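Enquirer: Chain by chain, the residues:
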Amino acid sequence: MEFFFEVLLGGLLAGVMYSLVAIGFVLIYKASGVFNFAQGSMVLFAALTFVSLLERGIPFWLTFGITMLTMVVLAWAIERFMLRKLVNRPPITLFMATLGLSYMIEGLAQAVWGAQVHGLELGISDEPLELGGMLLSQFDIFAAGVAGVLVIFLSWLFNKTRTGISLRAVADDQLAALAVGIKLQRIWLIVWAVAGFVGLVAGLLWGARLGVQFSLSLVVLKALPVLIIGGFTSIGGAIVGGLIIGASEKLAEVFIGPIIGGGIENWFPYVLALVFLLVRPAGIFGERAIERV
Amino acid sequence: MTAPLLQLDNIEVIYDKVILAVRNISLKVAPGSIVALLGANGAGKSTTLKAISGLANAERGEVVDGRIYYLNRDITSASPHSLVELGLVQVLEGRHCFAHLSVEENLLTGGYVRHRSRARLTESLEKIYHYFPRLKLLRRNQAGYTSGGEQQMVAIGRALMAEPKLVLLDEPSMGLAPLVVEEIFEIVHTLNRQQGVSFLLAEQNASIALKYADVGYIIESGRVAAEGTTADLKNRSDLQALYLGLEAA
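Keeping their order, the protein sequence lines are chains A and B. Just add 18 to the spot in the first sequence (first one is 1) and you have my numbering. Just add 5 to the spot in the second sequence (first one is 1) and you have my numbering.
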C-alpha cells in the first residue's frame with residue numbers, strides 16, 4: 019500500500035511539470051481563442067537563452083531578467099508583425115500562423131545559440147526526500163511549489179485586475195472589446211509576454227530535468243492531453259489535468275505495465291484524453307459554449 | 006443654430022476593397038437629440054454606425070470618401086479607443102455581451118477607458134444600477150445566461166459606463182418582445198432627458214423609432230432617401246407605405 023502511495027505522489031508531482039507547460043497554452047487560448055502551437059518553441063527559446071547567458075558567466079537573477087526581457091520583445095514582435103494583421107480572422111488562420119511561428123522561433127533559437135545540448139543547474143538538489151516512509155523527489159516538490167505560486171498569481175491577474183477582465187472580454191468577443199475601447203494590441207502583448215514568462219519558468223524546470231535541447235519543444239505533446247482533460251480555458255483545469263495525467267501514467271506504468279508488457283507511460287495519457295473527448299469534450303473545467311434557445 | 010455634435014459629409018464606405026456598403030450619406034446629430042436611421046435590412050445603417058465608431062476598420066471596411074466630424078474634429082480615421090476617450094461609444098447590433106463575464110464585469114469593461122480610479126468606476130457603476138435596477142440583481146450572473154432584454158440592458162449600460170456624449174445604438178429592438186422594446190426605449194428616452202446623452206440609432210422597427218426620436222433619416226441602398234423631423238416623416242404619405250411599414254392614415 020505504501021508503495022502505491024509513493025507511486026501516486028511521485029506521479030502527481032511529475033504531473034505538475036506538465037501543468038506548467040499547459041498553463042502557457044491556456045493563457046493564449048483564453049485571450050485569442052487559438053491553440054498556440056508555438057508555446058513549445060517559446061519554452062525552448064526561453065530555456066536556451068537563459069542557459070546560454072548563464073554559461074557566459076552572467077549572474078542568475080540578471081540572466082533571468084534579461085531572458086524575461088527577451089520574451090517581452092518576442093511577444094511585442096509577434097503582436098506587431100503577426101497578430102495585428104490577423105484581427106477578426108477565423109481561428110484556423112491564427113492556428114496556422116502559430117504553426118509557422120513555432121518553426122521561426124526554433125530556427126531563431128538555433129541560429130543564435132547553436133544546436134548543442136546544455137546542462138542546466140538550478141541549485142536544487144534532486145536527492146530523494148523521505149516523508150512518512152515515502153521517498154519523494156525534492157526537485158518535484160520545488161516545482162510543485164513554483165506552480166502553486168504561479169497559479170495564485172495568474173488567478174489574481176485574471177479575476178481581480180483591469181487587465182485580466184479586459185483580457186477575458188477580448189477572449190469572448192473581439193469586436194465588442196474594441197467597441198468599449200479596449201486596445202487589443204496592448205492586451206495581446208501582455209498575454210504573450212505572460213505566456214513567455216510561464217514558458218521561461220517551465221523551460222527552466224524542464225531544462226534542469228532533461229537538459230536544454232531541441233526535444234524540449236516536444237513537451238507540448240504531453241501538454242495536449244492535459245488540456246483536453248482539464249479544459250482549454252481554465253488554469254485550475256490545467257493543474258488538475260496535469261495531476262491526473264501524471265498520476266495515472268505512473269500508476270498505469272507500475273501496475274498495468276507488467277501485465278501487458280510495459281512502455282505504457284508514453285501512450286496512456288492519450289488514451290485517457292480520448293476517453294475524455296468522448297465523455298466531456300470541454301474538459302473538466304473548460305468553459306462550454308453558452309447557447310441559449 | 007448650435008454646431009452639430011456629429012456630422013457626416015458624403016461618406017462612402019467599402020468593405021474588402023470591393024463591396025460598396027454606403028454610397029453617399031450625410032447627416033447631422035444635434036447635441037442632446039435622438040436621431041434615427043431607418044431603412045430595410047442591408048440599406049447601410051449598421052455600416053454607417055461602424056464607420057463613425059471606427060469599428061468598420063476591424064472588419065476590413067474603409068471610409069474611402071467624405072469626412073466625419075465629431076465635436077468639430079475630423080474623426081474619419083480615428084480608432085475606437087480614441088473615440089471612447091472622447092465620449093463616443095457604439096452598442097453593437099445583436100448586443101455582443103461578454104458571455105462568460107458576469108454582468109458587473111461586463112459593465113466594468115465599459116468604464117476602463119474613461120475612469121482611471123477605482124472610486125470613479127464604482128460611482129459610475131452605481132449610476133448604471135440606478136437606471137437599470139434589474140442589472141443590480143443580476144450583477145453576479147454570467148451575462149450569457151441572462152435574457153435578450155437583459156443583455157441589451159447590459160450592452161447599453163456598458164456603453165454608458167464611459168459617460169458618453171453620443172451613443173450609437175444599432176438595432177436595439179432586434180429579437181426582443183414588444184414590451185421589452187418599449188422598456189429599452191423608455192430608458193433611452195430617460196437617459197436623453199436626464200443626462201443629456203445624444204443617441205444615433207439604427208432601427209428597422211420604424212414605428213417605435215419615430216415615437217422616440219427627434220429627427221429621422223431614411224436610408225435606402227446606401228443613400229439618404231428622405232430626412233426630416235419625425236413629425237414630418239410621419240405625415241408624409243409617400244414614405245409610409247414604402248419605407249416605414251406604417252398603415253397609411
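Everything labelled a hint here was simulated from the structure, so no lab data went into it. Note that the structure is a prediction, hence the values are computed from the model and not measured. Don't take each hint at face value.
Claimed, not checked - Calculated pairs, DSSO-like style, for lysine-lysine (alpha carbon to alpha carbon, straight line, at most 30 Å):
no., chain 1, residue 1, chain 2, residue 2
1, B, Lys216, B, Lys132
2, B, Lys239, A, Lys201
3, B, Lys33, A, Lys103
4, B, Lys216, B, Lys170
5, B, Lys216, A, Lys178
6, B, Lys141, A, Lys178
7, A, Lys178, B, Lys239
8, B, Lys216, B, Lys33
9, B, Lys216, B, Lys239
10, B, Lys33, B, Lys170
11, B, Lys22, B, Lys33
12, B, Lys239, B, Lys170
13, B, Lys141, B, Lys22
14, B, Lys141, B, Lys170
15, B, Lys239, B, Lys33
16, A, Lys103, A, Lys201
17, B, Lys170, A, Lys201
18, B, Lys132, B, Lys170
19, B, Lys132, A, Lys201
20, A, Lys201, B, Lys216
21, A, Lys201, A, Lys178
22, B, Lys141, B, Lys33
Enquirer: Confirm or reject each hint.
Expert: Structure-based check of each hint:
{"no.": "1", "hint": "B:Lys216 with B:Lys132", "verdict": "holds, 26 Å"}
{"no.": "2", "hint": "B:Lys239 with A:Lys201", "verdict": "violated, 42 Å"}
{"no.": "3", "hint": "B:Lys33 with A:Lys103", "verdict": "violated, 34 Å"}
{"no.": "4", "hint": "B:Lys216 with B:Lys170", "verdict": "holds, 22 Å"}
{"no.": "5", "hint": "B:Lys216 with A:Lys178", "verdict": "violated, 43 Å"}
{"no.": "6", "hint": "B:Lys141 with A:Lys178", "verdict": "holds, 19 Å"}
{"no.": "7", "hint": "A:Lys178 with B:Lys239", "verdict": "violated, 51 Å"}
{"no.": "8", "hint": "B:Lys216 with B:Lys33", "verdict": "holds, 19 Å"}
{"no.": "9", "hint": "B:Lys216 with B:Lys239", "verdict": "holds, 9 Å"}
{"no.": "10", "hint": "B:Lys33 with B:Lys170", "verdict": "holds, 14 Å"}
{"no.": "11", "hint": "B:Lys22 with B:Lys33", "verdict": "holds, 27 Å"}
{"no.": "12", "hint": "B:Lys239 with B:Lys170", "verdict": "holds, 27 Å"}
{"no.": "13", "hint": "B:Lys141 with B:Lys22", "verdict": "violated, 44 Å"}
{"no.": "14", "hint": "B:Lys141 with B:Lys170", "verdict": "holds, 24 Å"}
{"no.": "15", "hint": "B:Lys239 with B:Lys33", "verdict": "holds, 19 Å"}
{"no.": "16", "hint": "A:Lys103 with A:Lys201", "verdict": "holds, 15 Å"}
{"no.": "17", "hint": "B:Lys170 with A:Lys201", "verdict": "holds, 21 Å"}
{"no.": "18", "hint": "B:Lys132 with B:Lys170", "verdict": "holds, 16 Å"}
{"no.": "19", "hint": "B:Lys132 with A:Lys201", "verdict": "holds, 25 Å"}
{"no.": "20", "hint": "A:Lys201 with B:Lys216", "verdict": "violated, 37 Å"}
{"no.": "21", "hint": "A:Lys201 with A:Lys178", "verdict": "holds, 19 Å"}
{"no.": "22", "hint": "B:Lys141 with B:Lys33", "verdict": "violated, 35 Å"}
When held up to the earlier numbered hints, the structure conflicts with 2, 3, 5, 7, 13, 20 and 22 and fits the remainder.
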